[in-house]
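If you use our numbering, the sequence shown closes out at 939, no skipped numbers anywhere.
What the hints contain is simulated information worked out from the structure, not anything from laboratory work. Careful: at least some of the hints might be erroneous.
Said to hold, decoys possible - Here are the simulated DSBU-like cross-link-like pairs (lysine-lysine), alpha carbons at most 35 Å apart as the crow flies: (1) Lys609 to Lys508; (2) Lys609 to Lys687; (3) Lys682 to Lys713.
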Amino acid sequence: MLRRLFKGRRGLNDPNPAARRAAVLALDENGAAELAAELERLLAQDPDDGVRQACLARLQDPQRVEALVDDPRLGAAAVRRLVELGGGSDAGVDRPRLLAAELAALPEAERRDRLARIDDADALAALALAARDELRDAVLALPALRRAAGLSALEKASRNRDKTVNRHARRLLDERRTLQHDAAASRARAEELAASLARAAGDIHDRPGRERVHELHRRLVSALDEYAAQREALAAFGERLDDLEGLRPSPADLPALEPEPPPEPAADAQAAAARDDAVAADGPDPFEPLVDAFETLDRRLASAEPFEALAAERQALTERWLTAADQRPPAPAQHAVFESVSHRFRELADAHDRLRQALSDAASAGADALPPLDLDVPSPDWDEVERRRGLVRRIERLAQTVAWPAWAPPAPALAARLDAVGTLRESLQTADRRLEQDRTALSDRLEALTRAIDDGHLADARRLVAEARTLHDALPRRAIRDEARAFARQSARLAELKDWQTFATTPKREALVDAMTALADQPLAPPDQAARIKALRGEWQALGPITQAVDGRLADRFNAAAERAFETCRAWFAEQDAERQANLAERERLCDELARYLEETDWRQADMKAAEKIMRTARQEWRRLQPVDRRRGKAVEQRFEALQNQLHDRVKAEWDRNLALKQAIVAEAEALAADDGDVADKVSRAKALQSRWQAVGITPRRPDQQLWQAFRKACDRVFAARDDARHAADAEIDALAGRLQQVLDGFAASLATTTAETASAEVLRAFRRDMDAADRLPAARRRELQGRVRELTERYQGLLREAELASVRAGLEALARWDAEASRAELEGRAVAELDRPEGLADDIVRARAGTAGAAPADIDTLRRLTVQAELAAGLGSPAEDEPLRLEVQVQRLQAGLSGAGGEESPEAMAAAWCRVGPKDGAAEALRERFFRALTALL
1 MLRRLFKGRR GLNDPNPAAR RAAVLALDEN GAAELAAELE RLLAQDPDDG VRQACLARLQ
61 DPQRVEALVD DPRLGAAAVR RLVELGGGSD AGVDRPRLLA AELAALPEAE RRDRLARIDD
121 ADALAALALA ARDELRDAVL ALPALRRAAG LSALEKASRN RDKTVNRHAR RLLDERRTLQ
181 HDAAASRARA EELAASLARA AGDIHDRPGR ERVHELHRRL VSALDEYAAQ REALAAFGER
241 LDDLEGLRPS PADLPALEPE PPPEPAADAQ AAAARDDAVA ADGPDPFEPL VDAFETLDRR
301 LASAEPFEAL AAERQALTER WLTAADQRPP APAQHAVFES VSHRFRELAD AHDRLRQALS
361 DAASAGADAL PPLDLDVPSP DWDEVERRRG LVRRIERLAQ TVAWPAWAPP APALAARLDA
421 VGTLRESLQT ADRRLEQDRT ALSDRLEALT RAIDDGHLAD ARRLVAEART LHDALPRRAI
481 RDEARAFARQ SARLAELKDW QTFATTPKRE ALVDAMTALA DQPLAPPDQA ARIKALRGEW
541 QALGPITQAV DGRLADRFNA AAERAFETCR AWFAEQDAER QANLAERERL CDELARYLEE
601 TDWRQADMKA AEKIMRTARQ EWRRLQPVDR RRGKAVEQRF EALQNQLHDR VKAEWDRNLA
661 LKQAIVAEAE ALAADDGDVA DKVSRAKALQ SRWQAVGITP RRPDQQLWQA FRKACDRVFA
721 ARDDARHAAD AEIDALAGRL QQVLDGFAAS LATTTAETAS AEVLRAFRRD MDAADRLPAA
781 RRRELQGRVR ELTERYQGLL REAELASVRA GLEALARWDA EASRAELEGR AVAELDRPEG
841 LADDIVRARA GTAGAAPADI DTLRRLTVQA ELAAGLGSPA EDEPLRLEVQ VQRLQAGLSG
901 AGGEESPEAM AAAWCRVGPK DGAAEALRER FFRALTALL
């Protein structure tokens with residue numbers, strides 16, 4: 001066989017990783033010792049992990065192996081090798097991974113013995129993190145890791161390192177605290193029930209009293225049983241509680257219960273009814289509300305309420321029932337309800353106890369902490385699949401052990417596990433299908449590999465053996481024993497085929513060496529030179545791996561010639577590479593700027609127009625920055641596209657929002673154009689819509705143009721209606737202006753012939769009413785008319801004022817004459833009421849002068865003061881002798897004005913004040929003349 005020619009060191013340098021791995025595994029102990037240096041070199045430098053693991057399996061130096069324990073790829077294999085060499089026994093406790101590997105290799109009995117000798121909580125916690133599967137379960141079940149110190153160390157060590165172990169530790173810590181709390185409550189309840197039983201046992205007078213003793217006895221026994229179970233559970237955590245068995249009552253101490261009396265015969269029915277009436281007369285039945293409460297509790301037992309709350313409620317109701325039973329016995333139907341609900345509660349409580357006890361076993365935990373099983377990867381974790389299969393079996397056993405009542409919904413802890421079983425079964429079925437698919441694929445590859453080797457197709461055989469190896473290494477060994485043996489046989493046949501085919505490739509390799517040497521001596525243009533070098537290398541690679549020394553020397557000559565041939569391309573490629581690197585650096589900078597912009601922008605109030613521009617500009621800049629290195633640029637391109645997608649999502653969200661706003665504006669505009677309402681209001685609303693349109697932010701161009709056309713069409717219809725209305729309004733305004741001009745001209749002509757005697761205020765009001773229509777004219781035309789209207793109005797008001805002053809002067813003259821006549825009549829002893837009253841004379845003036853007939857003349861000083869007041873009001877001078885009085889009156893008027901108490905100073909009021917004073921003799925004539933002259937001047 002030709003394979004025997006390839007031995008020793010030459011096989012370790014074979015270019016094919018499989019050949020190197022096979023050469024290493026073929027070494028015996030002596031050969032491995034002789035080639036130790038070469039094995040260590042391969043272990044440190046070989047790129048193939050399979051070759052390195054094979055070298056590790058042949059190393060004999062425990063110290064060298066121990067140095068690889070922390071290697072991320074070889075750590076597990078190094079631990080196994082170190083255990084094989086026996087190099088970790090003494091220091092194992094300090095090296096958890098090594099100890100875990102060593103323990104996993106031991107028989108179960110010896111493993112238990114080794115674990116029992118480790119009592120350091122921190123060491124056990126580290127070992128639990130390093131162990132897997134059954135060994136981890138065994139470590140976690142150790143008593144040292146169930147005590148408080150061990151659980152605390154385990155929780156601390158697994159924090160942020162192993163979620164499953166951390167949840168296990170925290171669950172047991174929570175369970176321990178819960179058990180402590182429940183045990184304390186059970187102890188208090190048992191002690192209280194023992195005291196109640198002692199009191200009830202000393203006060204037994206009738207059957208209800210004996211029934212109460214029996215009920216307290218049953219509840220005390222139940223409380224002691226619960227405490228005993230909790231005490232036992234806490235013992236597993238290293239907790240020791242007091243023994244309360246001394247409180248347990250003896251059944252022999254229970255009073256005998258007399259049988260229920262037989263039903264009363266019909267003859268005694270009236271007597272029984274009478275007794276029932278007597279009982280009812282004692283007061284309301286206390287059991288009726290309790291029966292309702294127990295029936296409600298029975299319904300709640302079948303709900304999903306927390307059991308602790310239901311237990312507390314049942315405890316309180318039972319206490320009330322027993323207290324009521326001390327006073328009077330319940331009816332049989334009422335007692336049946338009490339017994340039925342109590343039985344169902346005990347059934348549910350027992351199920352909760354069984355569940356709590358079952359969950360104290362660590363093997364039943366963890367179903368809710370499993371991550372999803374990823375079966376889409378090339379090499380699924382088949383050990384994890386088997387672990388989950390075992391977990392399903394443990395949960396099913398848990399459900400059988402608990403035997404939860406069918407009428408009650410499961411507790412959350414049990415329901416979560418039962419729900420997890422369904423999910424786990426689905427994932428396991430998927431895993432089984434994947435396993436079968438991969439086994440079928442491996443079998444197909446092996447059959448194809450057999451045919452390729454039989455036909456001598458080396459390239460196809462190499463490809464198929466690589467595919468088969470990938471499937472072989474990814475599948476669990478227990479499932480592919482037959483396929484593994486077939487793969488080993490075909491791998492050996494392929495190695496022989498490679499040996500035979502090597503002899504046919506040497507002439508071809510020599511020709512390729514000559515061609516590459518000629519290309520180096522007579523180079524082409526750089527692009528053509530590079531393409532020719534690549535083609536020759538492709539032909540060389542197609543001949544397969546090097547398996548002989550002569551081919552190795554040819555390979556050296558070929559590579560040296562290729563290096564010389566490539567020298568002419570190196571500068572050109574360097575320039576290309578520099579340009580690609582520069583473009584790649586610019587693209588990375590562009591990505592950094594985009595990322596910084598996306599991160600630092602407050603998108604709640606961002607300038608989305610600028611964001612849209614940045615998005616478009618970044619794309620243009622990206623396209624400009626090419627060419628780049630395809631391999632290195634792929635990751636940058638993916639990052640750029642991801643950043644662009646983020647920015648596009650932001651911009652598109654703004655586009656969608658703004659398009660929705662513009663669509664709403666278009667809909668409003670179209671509805672406004674179809675409305676038959678007021679044109680001015682429609683125009684105002686259309687302008688408001690235009691303002692809203694302008695205020696809307698960014699939108700994509702094409703949809704925006706489509707919406708703009710529809711919006712503009714609707715607005716044009718509104719403004720066309722405005723123009724039509726405007727033309728009609730202009731015609732109406734022209735007609736109105738003509739009518740108003742006619743009214744204005746007519747009033748001006750009438751004013752030319754009107755005098756103060758013929759002027760009428762009604763005429764002026766009518767003119768103003770007619771001219772009020774000028775408010776509907778435009779401002780410019782309205783101003784033209786208003787000036788003329790104002791002029792004519794002022795002229796007509798002047799005539800009205802002249803007529804009014806003339807009337808007032810006539811009235812003052814009439815009052816002066818009446819005052820003179822009334823004074824003469826009074827001095828002659830005649831009554832003032834007999835005189836003719838001028839128009840406008842007030843009744844109070846007449847009444848004031850009614851009793852003055854034959855009276856003495858009025859005080860001349862009073863009349864003089866009134867005269868001076870009138871002259872002051874009219875701004876006329878007073879005689880020199882009245883100057884002091886005038887000064888006094890001025891001061892009084894000033895003071896009255898400052899205090900706000902000034903009286904009326906109209907001519908009519910002053911005349912009325914003058915006429916109320918009388919009679920006036922001849923000395924008052926001059927004052928009267930001065931007084932009324934001043935009033936006339938005041939007009």
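Here is how each hint holds up against the structure:
1. Of the pairs offered as hints, the one joining Lys609 and Lys508 is violated, with about 66 Å between alpha carbons and a cut-off of 35 Å exceeded.
2. With a C-alpha separation of about 24 Å, the suggested pair Lys609 and Lys687 falls inside the 35 Å cut-off, and the hint holds.
3. In summary, the hint linking Lys682 to Lys713 is supported, as the alpha carbons are separated by about 15 Å, within the 35 Å threshold.
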